[in-house]
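With the hints in hand, could you dock these two chains into one complex?
The primary structure of each chain is shown beneath.
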Amino acid sequence: MRPFEYRRAAHSREAIALCTGPEEEAKLLAGGTDLIPLMKDGVLHPRRLVDIKRAADVPGDIRASDHGITIGALATLADVADHAAISSHAAMLAEAAQAAATPQLRAMATVGGNLLQRPRCWYYRNSHFHCWLAGGERCQAREGRNDRHAIFESDDENPCCAVHPSDLAPCLVALDAQVLLRDEDGAERALPVEHLFAPPSPERRTETRLGREIVVEVRLPALSPGTRGCFRKAMSRSAWGFALSSVAARVDLEDGRIAEARLVLGGVASVPWRARQAEQALRERSLAGDVVRRAADLAVADARPLGHNAYKVPLTRGLVIEALDAMSR
Amino acid sequence: MPTGEGLRGDNPADKSVRTFGVQIAEVAVDPGTGRVTVERLVAAHDCGRIINPRLVDSQIAGGVTQGLGFALLEERLVDDASGVPLTANLEEYHVPTIADVTRVRHAVVDEPDFAANAIAAKGIGEPPMIPVAPAVANAIFDAVGVRVTETPITRARLLAALARAGVS
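Residue numbers (my numbering), protein chains in the order written: chain A, 30 to 358; chain B, 684 to 851.
By construction, these hints were calculated from the structure, which means they are not laboratory data.
Quick reminder that beta carbons are idealized off the backbone N, C-alpha and C, glycines included.
Relax, there's no trap hidden among the hints.
Chain B side only, calculated, beta carbon under 10 Å to chain A, not exhaustive:
1. Asp713
2. Pro714
3. Thr720
4. Leu756
5. Glu758
6. Asp763
7. Val767
8. Asn772
9. His777
10. Val778
11. Pro779
12. Ala839
13. Leu842
14. Ala843
Part of the chain B face toward chain A, derived, beta carbon under 8 Å:
15. Gly715
16. Thr716
17. Gly717
18. Arg718
19. Leu760
20. Asp762
21. Ala764
22. Leu769
23. Glu775
24. Thr780
25. Ala782
26. Asp783
27. Thr837
28. Arg838
29. Ala846
So that you can see chain B by itself, here it is in the shape it has in the complex (with noise of 0.2 Å):
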């Protein structure tokens, strides 16, 4: 049987390896109740080689999980007068259930970067929970057309940015 040893390798000096991803979210917005759902979230993200797909997919549908909750949900609340969180708790604190997440679409790039590294590979562990939620903020503004700055994008802020703006 043959053997062999591999390795990555150094990252090259005279380059900076980056992931680089783009992600569309399509949302439906209730301007009365500011009820805001996430129908579709294409995410495409240049990891350089794939090389477990089915791996790459699930950090994608994780990533993006993840990136849902801090777009819409996740909020850690403090009481101001003693600093005691409120939020302590996954009762409280509000992560996405199976019903919060939409059907993820992974757009597969797989382009082997030659130049960042001996495997052409690069890491996609964080990445897809980035541009998650500038994308539902974006794709919100689509629809409704306010701006909602800070996240998560809580039906509080959502219905406030609504009201300043005169929509309803």
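So here's chain A without its partners, still in its complex pose (with noise of 0.2 Å):
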């Protein structure tokens, strides 16, 4: 690890103001669960880390009203999976985050880093292999060992076949929730969770649109009473893993029927993946079985695995069919 000048920043301008220089140089710094290891591992290596734990004005309380639920971008996941309202009026969040790491990364690991967080890919992390995200010249899992690895948008078009791996970006983009963002003038904008995300381009090797912006929160808006929430994980063992695959479905019932749909998956995609042909078909349907059937077969329907990731297909199929049986209940 490579020395770094630590900055605490009082308030978010500040703490944009002191993000001087290209990208790389200046980082900001919340829980750290994800950025300190990647320093460790020298696949950054910042010369200033702004923590912004103690901004004044980036709030890490959660607030809810009749209007929906406001999360501070410093909330950790441990306050996301334990808080009351949460729990009672967005189950699947709360689900999502007590699915995530430890007890002890949840307790460090914020919201807006989880948003933010870079791929698991082991090529990425190692910096023996200086990948095309890290800055090189090639991806060098899609030929090598992609079991974790990308079955949407992985092929040769793109640069990277890493997964984004939020367990709660997919609950996100299910519940319609919004990320707002401050940039150094003070000036805020709220654009939906989905639209925080686009997969890495040349221009831009990252899996989030920001300018000189922060988190400053994410808001999620008021549900109706017949919305049902299910988010499904799947790990290589039971606790303590990123995502092989994950599902966040949300169904909004009128009378049994199904009058607005959202499937997004996580782990299989660069960024939270949505199944837009799969919502498609359960528009105006029930969650009876052939439906939900049919929707698990369309959300993978478009899948391109690579050469050691083909099992993400029939798991993905089956996380989607056990989320949307258990709504249906």
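Here is the structure:
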């Protein structure tokens, strides 16, 4: 690990102002559960860390009202997992937070950081390879061990086949959540969490499209009384693992009919992956067995697995069935 | 106070001293997602005379835990092109967590083996690790009718075997 300067920002404007120079030179530090290991592994070497944990205008609390639930960017995963309003109104998000990492990590890791965390690709995280995502020439995973990599948009038209690791992100997309961003002039903009993410491109080798902005909070809209949600995650073991595949499913039921549906997959693409065809197949239907199976088939219809991850296709299909079946009961 | 000296003595020249054992695993398999849950595991090992019961129980619990790792989780993956190990840390090389370990029942044998040595006891360090993977693999076969012949029996291997067999 190379030497770096540590600065503590009093507010978000100071934090952004302290992030001078090229993008890799200075990094915002919150929970640090992803940033510090990336530095230890020699993937990132910022010269300055700007600690925002005590920035007065970056909230860490969770507030519930009639209009929905607002989660401060500095709220921890443990806060999300334990919050009564989230457990009752957006249970899938609490379940996803509970399914992430370990109690120790959940006590440190923040919601903002969870959305901005980098992929777990073992080529990206091993400085030996200096892969495309880390600034190098090519993706070694596509021809190498891609057991835990993408099955959507994974072919060689895409420069990277790593997956977004967040468990929260698919749920937030499924819940139509918005993320509030603030720039160094204090100007704020809200955008759907879904639009925070974009596959990395040669111009922007990250999975999120932020300018010189800071994540302030995440806003969950109030949901209709007929809304049901479910999160399912497959790990290689029972706990402490990133998703091999995950499913965040939501249906808004009106008299047993699905008025609106969201089916968002995690661990299978560089961004939370909306299975739009499957969503469409659910609308105006019920959660009957044949509807569920058809939606599950459609959810993976566009999958193009790589050499070592074909298992993710039946796995994801199985998780979709599990999630939809759970909501029908 | 009486004092004395004990000696385990040499192994017999005309016999091969072995710790025999049997393990029985009960698993739940979800063919839709390839998830394997080991529900119960019983281990009976003939380690001769049991001198310290707590120590033997604990060797068995520990050995079975390691065996569950070999059976279902632990895998050293290497990048073929470069030879660089990819699972070189405990984040990628998955050992069992407490949530992966079933209740291990030690079916105590405790038969002194007078032919083995002077104290009639035999080793119990490694033996409990050995039958776990085959017992789990046999239980998976019993549950869903497919043989996975490579360990660890990951979701990837099991789902591939189920697909080959047309089970899903």
